Structures are given as C-alpha cells and as structure tokens.
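Chemist: Residue-level listing of the chains:
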Amino acid sequence: MPGVTAATQRVDVVVEIGGLPIRLSCDDPAFVHLVQERYAGYISAANDAAFDFEIELAPPGTESRDEDVRVTWESGCWLMERGDFRAEWNPSTGQGRIQQTRNPYSLDSVLRIVHTLLLAQRGGFLLHASSAIRNGQAFLFSGVSGAGKTTMARLAPPDAAILTDEISYVIRQDGRYVAAGTPFFGELARVGDNLRAPIKALYLLAKGPENIIEPIAPADAVRGLLGNTLFFARDPEFVKMVFDTAFDFVRQVPVRRLTFAPDSSVWGLIV
Amino acid sequence: MTRPRYVARSTAIAARALGEETMVMSATNSMLFTLDEIASVIWESADGVTPLEQIVADKICTQYDVTLDVALQDAEALVKGLAEHGILLLSDEPLAFSGRSHKETP
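Taken in sequence, the protein lines are chains A and B.
Each residue of the first sequence is one higher than the one before, starting from 0 at the first, in numbering that gives the first Met the number 0.
Each residue of the second sequence is one higher than the one before, starting from 0 at the first, in numbering that gives the first Met the number 0.
The hints are simulated quantities; they were obtained by calculation from the structure and are not laboratory data.
It should be emphasised that the depicted structure is a prediction, and the values quoted were computed from it without experimental measurement.
Cβ coordinates follow ideal geometry from the N, Cα and C atoms, glycine included.
It is possible that part of the hints are untrue.
As the list claims (entries may be wrong) - Partial list, derived from the structure: chain A residues whose beta carbon lies under 8 Å from chain B:
1. Cys76
2. Pro214
3. Ile215
4. Pro217
5. Ala218
6. Arg222
7. Leu229
8. Phe230
9. Arg233
10. Lys239
11. Phe242
12. Asp247
To be verified - Calculated pairs, SDA-like style, for lysine to any residue (alpha carbon to alpha carbon, straight line, at most 20 Å):
13. A:Lys239 to B:Thr61
14. A:Lys239 to B:Gly85
15. A:Lys239 to B:Leu77
16. A:Lys239 to B:Asp57
17. A:Lys239 to B:Ser29
18. A:Lys239 to B:Ala16
19. A:Lys239 to B:Val69
20. A:Lys239 to B:Ser39
21. A:Lys239 to B:Ser25
22. A:Lys239 to B:Thr33
23. A:Lys199 to A:Ile215
24. A:Lys239 to B:Leu17
25. A:Lys239 to B:Asp64
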C-alpha cells in the first residue's frame with residue numbers, strides 16, 4: 000500500500016484595523032472561517048499585509064487560568080503571554096507566531112496588544128472609550144468599567160456611527176488625531192463601523208442627575224487619558240512614547256468632563 | 000551628624016512639567032505620579048550630586064515660609080516614597096550621574 004502523506008495547507012486572512020493590515024494564517028480552515036466571522040467588516044480584500052502571524056492551535060484544555068498579561072521585549076522580539084495564549088512578534092521583520100486555543104477572544108487580546116505596540120510608534124494609542132462619528136467628527140467617551148461607555152453608544156442617535164463601545168482606536172494622521180472604528184466591543188456585542196474621522200473632543204464620563212459638560216485642568220486631562228490608555232508593555236521606551244503622545248493629544252484635542260443622566264438627551268450636547 | 004543624602008531621577012521614567020506640577024510615569028509599572036509645586040522643585044534639583052539638605056535649604060527655604068528642619072523632614076519623606084516606587088534614586092554618596100547608582104537604598 001502506497002504511503003499517504005497528509006498535506007497541511009495554511010489558509011490566511013488579512014485583518015485591517017486602523018489602516019494596519021495584519022495577515023493571520025492557520026492550518027485549520029474552520030478556525031480561519033471563525034476569524035473571518037469575528038472580524039467581519041475589517042477583513043481586507045487585498046493580499047498585501049505589513050505584518051504576518053502564523054497561528055498554531057493548541058488542543059482544548061491546555062490553557063491555564065493565568066489572567067495576567069505579560070508583554071516583554073527580548074532579543075529583538077515582543078513576547079506576549081497569558082494563560083490562554085503565547086505570542087511572539089519581531090517588529091523588524093513583521094513576522095510573528097501565536098499559540099492559542101480555538102477561542103477567538105485569545106486572538107482578540109493578541110491583536111489589541113500588537114496594535115498598542117504599533118500605534119505607540121506612530122503617535123497613537125488604544126483607549127478604554129466608546130466613540131462615534133457625528134457630523135463628520137469623532138467624539139470619544141472614556142471611563143473605567145461602569146462609567147457609561149456602552150450606555151453612550153446605546154443612546155446614540157441614528158445619525159451617529161458607532162466606532163466601538165469599548166476600545167477606541169486613536170491615530171495621528173497628518174498632524175491631527177483621528178479616531179477609527181474597531182472590531183473590539185464590550186456589552187454592545189457588535190463590531191464598530193469601519194470608519195474614521197478627526198477627533199473633536201474626548202469626554203471623561205461621570206454619571207449624574209443632569210447632563211453637563213465641564214472643562215478640566217490639563218493635568219487632570221492627562222491623568223484621565225493615561226488612566227484609560229491600554230498599557231501592556233513595561234518597556235521604558237514604549238512608556239515614554241505613550242506618555243509624550245498623551246501630552247500632545249491633550250494639547251491638541253479638547254478634553255472635558257461629561258456628567259450625564261442615562262437618557263438620550265445627553266446627545267443633545269454632543270455636536 | 001547626619002550623613003548627606005543624594006537624590007537622582009531614575010532613567011526608567013517619563014516626566015513632564017505641566018504648570019507648576021510635574022507628572023512622572025514609571026516605565027516599569029506605568030504608575031503615574033503628580034508632584035506638586037514644592038515636590039517639583041526637589042525633582043528638578045535631583046541631580047545626584049547636590050545633597051538633599053542643600054536643595055531644601057537653597058531652593059525651598061528661600062522661597063517658602065518654612066524652617067529647614069520641617070522642610071527637610073517633608074523632603075525626606077517625599078524622596079523615600081518616590082524611591083520606593085523606583086522613580087527616584089536615593090544614596091548616601093553622590094551619584095555619578097542621574098539614573099545610575101552603585102549604592103542605592105530603597
């Protein structure tokens with residue numbers, strides 16, 4: 000009987016968030032299909048990608064319950080680890096590898112980390128914030144869990160395009176700050192519209208009996224911004240880049256405190 | 000007689016003045032610190048070679064209505080706290096240059 004060789008063919012898909020295309024390849028077509036569904040609206044038809052990741056699927060039950068994310072820089076590579084994934088990425092070559100279980104949310108976490116690393120070098124960042132475009136301009140609503148990010152997205156009027164209810168994507172483009180849609184969602188459980196617009200304002204959310212927008216001191220604005228910026232890498236150079244970007248952002252973009260009663264009337268202030 | 004203490008800013012930080020305050024972020028754990036006006040003066044003067052007592056005498060006591068003893072006690076507490084977070088280096092000997100020390104105390 001002639002020998003039979005099982006040929007494994009890798010299938011790939013390009014996920015483009017914030018204009019940064021990342022190719023993901025895996026030898027499991029069903030998982031790639033899962034990725035295509037998860038990132039619907041952010042799948043690029045172009046074959047070109049600036050960054051490539053090979054995904055190796057680990058058998059179910061091999062993950063640990065370690066929920067702490069560790070991102071370290073070693074020998075020219077970023078290493079990213081949590082109980083459910085281990086990834087490495089060489090920014091010089093653009094090549095990387097992800098070992099994870101079939102859970103697509105593990106991939107979500109890796110992509111968030113990779114985008115924070117990519118954005119830091121480009122003067123951008125990911126922010127715990129919902130965001131929306133209205134009248135051609137983007138508005139960000141930032142706060143800790145329970146502050147009202149998803150509530151603001153739910154209350155948005157029909158003329159507002161929701162970019163995300165959880166993780167806002169901030170890019171520096173032509174000297175100004177732009178918000179882009181992301182597939183990263185919170186309780187709203189739907190991907191954001193894949194659009195982008197210049198940021199008109201960042202609101203730090205607070206809940207209260209009435210809707211009011213108040214100015215805040217620059218130091219409070221920086222504190223609020225950095226307090227909600229996604230930080231993974233404990234690397235001095237990386238931290239300095241994000242720190243400097245926060246100051247530049249606050250210098251360019253109005254940052255206000257938005258206290259709101261949870262009803263749609265709050266959007267009357269967002270113009 | 001108390002030995003002089005020397006303070007130097009760590010290199011594993013990011014810092015910027017904003018008005019009269021200084022914001023400092025630790026590069027090792029991303030903790031953010033806000034230094035008030037007087038703490039900012041000490042921070043700016045922490046060159047590793049000027050004794051803390053001299054910094055307090057020259058930069059604090061000449062500008063603010065406070066005795067050297069009281070100001071030095073407050074300054075010691077401040078630098079000890081910042082050193083515990085690794086954003087300031089504290090030594091009994093001059094630090095050759097900011098960010099390096101062969102005899103750091105926490």
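Chemist: Indicate, hint by hint, whether the structure satisfies it.
Modeler: Here is how each hint holds up against the structure:
1. At a threshold of 8 Å, the smallest CB-CB gap from Cys76 of chain A to chain B is about 19 Å, leaving the interface hint violated.
2. Nearest Cβ of chain B to the Cβ of Pro214 of chain A: about 15 Å, over the 8 Å cut. The hint is violated.
3. A distance limit of 8 Å between C-beta atoms decides the matter here; for Ile215 of chain A the minimum to chain B is near 13 Å, and the interface restraint is violated.
4. Restraint check, Pro217 of chain A versus chain B: the minimum CB separation of about 6 Å is within 8 Å; hint holds.
5. Annotation: Ala218 of chain A was flagged as interfacial toward chain B, and the flag holds, the nearest CB pair being 5 Å apart, inside 8 Å.
6. For Arg222 of chain A, the suggested interface contact is upheld, since its CB lies about 6 Å from the closest CB of chain B, less than 8 Å.
7. Interface restraint check for Leu229 of chain A: the shortest CB-CB distance to chain B comes to about 10 Å, outside 8 Å, so the restraint is violated.
8. Annotation: interface hint on Phe230 of chain A holds; nearest CB of chain B at approximately 5 Å, less than 8 Å.
9. Hint status for Arg233 of chain A: holds, given a least beta-carbon distance of 6 Å to chain B, under 8 Å.
10. Of the supplied interface hints, the one on Lys239 of chain A holds, with its beta-carbon coming within about 4 Å of a beta-carbon of chain B, less than 8 Å.
11. Hint status for Phe242 of chain A: holds, given a least beta-carbon distance of 4 Å to chain B, under 8 Å.
12. For the restraint placing Asp247 of chain A at the interface with chain B, the shortest Cβ-Cβ distance is roughly 10 Å, beyond the 8 Å limit, so the hint is violated.
13. At roughly 34 Å between alpha-carbon atoms, Lys239 of chain A and Thr61 of chain B are farther apart than 20 Å, so this suggested pair is violated.
14. Pair hint Lys239 of chain A plus Gly85 of chain B holds up; C-alpha atoms about 16 Å apart against a cutoff of 20 Å.
15. A distance of roughly 23 Å separates the Cα atoms of Lys239 of chain A and Leu77 of chain B; the hinted pair therefore is violated under the 20 Å criterion.
16. Using a Cα cut-off of 20 Å, the hinted pair Lys239 of chain A and Asp57 of chain B is violated, with the two alpha carbons roughly 31 Å apart.
17. Straight-line distance between C-alpha atoms of Lys239 of chain A and Ser29 of chain B comes to about 10 Å, which keeps the hinted pair within the 20 Å bound.
18. Pair hint Lys239 of chain A plus Ala16 of chain B holds up; C-alpha atoms about 14 Å apart against a cutoff of 20 Å.
19. The hinted pair formed by Lys239 of chain A and Val69 of chain B fails the criterion: a straight-line CA distance of about 35 Å is larger than 20 Å.
20. A C-alpha spacing of about 19 Å is found between Lys239 of chain A and Ser39 of chain B, which places the hinted pair at or below 20 Å, so the restraint holds.
21. Among the hinted pairs, Lys239 of chain A with Ser25 of chain B is consistent with the structure: their alpha-carbon atoms are about 9 Å apart, no more than 20 Å.
22. Of the supplied pair hints, the one linking Lys239 of chain A and Thr33 of chain B holds, its CA atoms being roughly 16 Å apart against a limit of 20 Å.
23. Between Lys199 of chain A and Ile215 of chain A the CA atoms are separated by roughly 16 Å; this keeps the pair inside 20 Å, and the hint holds.
24. Restraint check for Lys239 of chain A and Leu17 of chain B: the C-alpha separation of about 16 Å stays at or below 20 Å, so the hint holds.
25. Between Lys239 of chain A and Asp64 of chain B, the direct Cα distance comes to roughly 36 Å. Violation of the 20 Å bound is thereby established for this hinted pair.
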